Amino acid sequence: MKNLNTKTKAWINLFAFIITIAFNALGSFGYINGMSQKAVSDKYHNLITPAPFTFSIWGIIYTLLLLTLAMMIVKKKDSKVNKLINIFTPTFLLSSLFNILWIVSFSYEQIGISTIFIFLLLISLTTISKRLDEHRSEIPYRLIGITFGLYSGWLTIASVVNVAAYLVRMGWNGFGISQTVWAPAVLALSIIIVILINTKINNAVYTLPVAWAFFGILMETRRLAGKLDYGTYLNPVIIIGIVVLTLVSILQFNRNNFCVVKREDK
Numbered sequence: 001m002k003n004l005n006t007k008t009k010a011w012i013n014l015f016a017f018i019i020t021i022a023f024n025a026l027g028s029f030g031y032i033n034g035m036s037q038k039a040v041s042d043k044y045h046n047l048i049t050p051a052p053f054t055f056s057i058w059g060i061i062y063t064l065l066l067l068t069l070a071m072m073i074v075k076k077k078d079s080k081v082n083k084l085i086n087i088f089t090p091t092f093l094l095s096s097l098f099n100i101l102w103i104v105s106f107s108y109e110q111i112g113i114s115t116i117f118i119f120l121l122l123i124s125l126t127t128i129s130k131r132l133d134e135h136r137s138e139i140p141y142r143l144i145g146i147t148f149g150l151y152s153g154w155l156t157i158a159s160v161v162n163v164a165a166y167l168v169r170m171g172w173n174g175f176g177i178s179q180t181v182w183a184p185a186v187l188a189l190s191i192i193i194v195i196l197i198n199t200k201i202n203n204a205v206y207t208l209p210v211a212w213a214f215f216g217i218l219m220e221t222r223r224l225a226g227k228l229d230y231g232t233y234l235n236p237v238i239i240i241g242i243v244v245l246t247l248v249s250i251l252q253f254n255r256n257n258f259c260v261v262k263r264e265d266k
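Using full-length UniProt numbering, you'd call the opening residue of the sequence shown number 1 and step up by one each time.
The hints are simulated quantities; they were obtained by calculation from the structure and are not laboratory data. Predicted model, so just to flag it, every value in this text is computed and none were measured. Since no wrong hints were added, every one of them can be taken at face value.
What follows is a list of derived Cβ distance ranges for each label pair:
{"#": "1", "residue 1": "Ser79", "residue 2": "Ile239", "range": "41 to 49 angstroms"}
{"#": "2", "residue 1": "Thr8", "residue 2": "Met170", "range": "41 to 49 angstroms"}
{"#": "3", "residue 1": "Trp172", "residue 2": "Leu251", "range": "30 to 38 angstroms"}
{"#": "4", "residue 1": "Asp78", "residue 2": "Tyr31", "range": "36 to 44 angstroms"}
{"#": "5", "residue 1": "Asp42", "residue 2": "Arg142", "range": "32 to 40 angstroms"}
{"#": "6", "residue 1": "Thr180", "residue 2": "Lys38", "range": "20 to 28 angstroms"}
{"#": "7", "residue 1": "Leu251", "residue 2": "Met219", "range": "20 to 28 angstroms"}
We put the CB at the ideal spot given by N, CA and C, even for glycine.
Put together the whole structure using the sequences plus the hints.
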């Protein structure tokens, strides 16, 4: 990879993205194992599964990612973009591989294996965000900061939901603790983890997809209120989470001098 020029790396990144999108489409329409990702998700529905409309955020993430990769190709001769491509490429290719492996394993209902792959995908994305933060004085940020902030944030909560689906598949009884207790506890822990991660990557939009997912969970609890027992703790935790995560985003934006990614002090 080190011997490739930046132009080649930029095109390889785009090619990897196209392959990833193709597998996403195949998974979404049920061409992998005859089951769509939604069908698999519905099969292992749990108290923290977001409403279906929540997943429309993938369209925004992939559109921004396409624009980011196109920017790298168009502006590859720019010294800052050149630096960005070299920093970005190896980990991005790994993230594309983990994304594809997650889609395939999830579609085949290998929920445990898919959980491993989604965590590897999350690690690769947060690694990219961390490296971008470390090199913030050397590369352009606006578009890529938004892209990977949203992508990392969404994968954080998606990983939590994937774990919950795996526990449902395994028939886990929560050590005798009711779902109405452990579900809000898991979301509360997720809020803490998200805030801690954001202290490392300093991205003002990272917490927003998590807040969006919480909103989706809230809407799902209302839709299924008469069919499932959600208990008395889940909705208050969700609402508090939405408020806290939104405030963290606003505070981080202010801390970053009104930029998505933290600027160097002058």
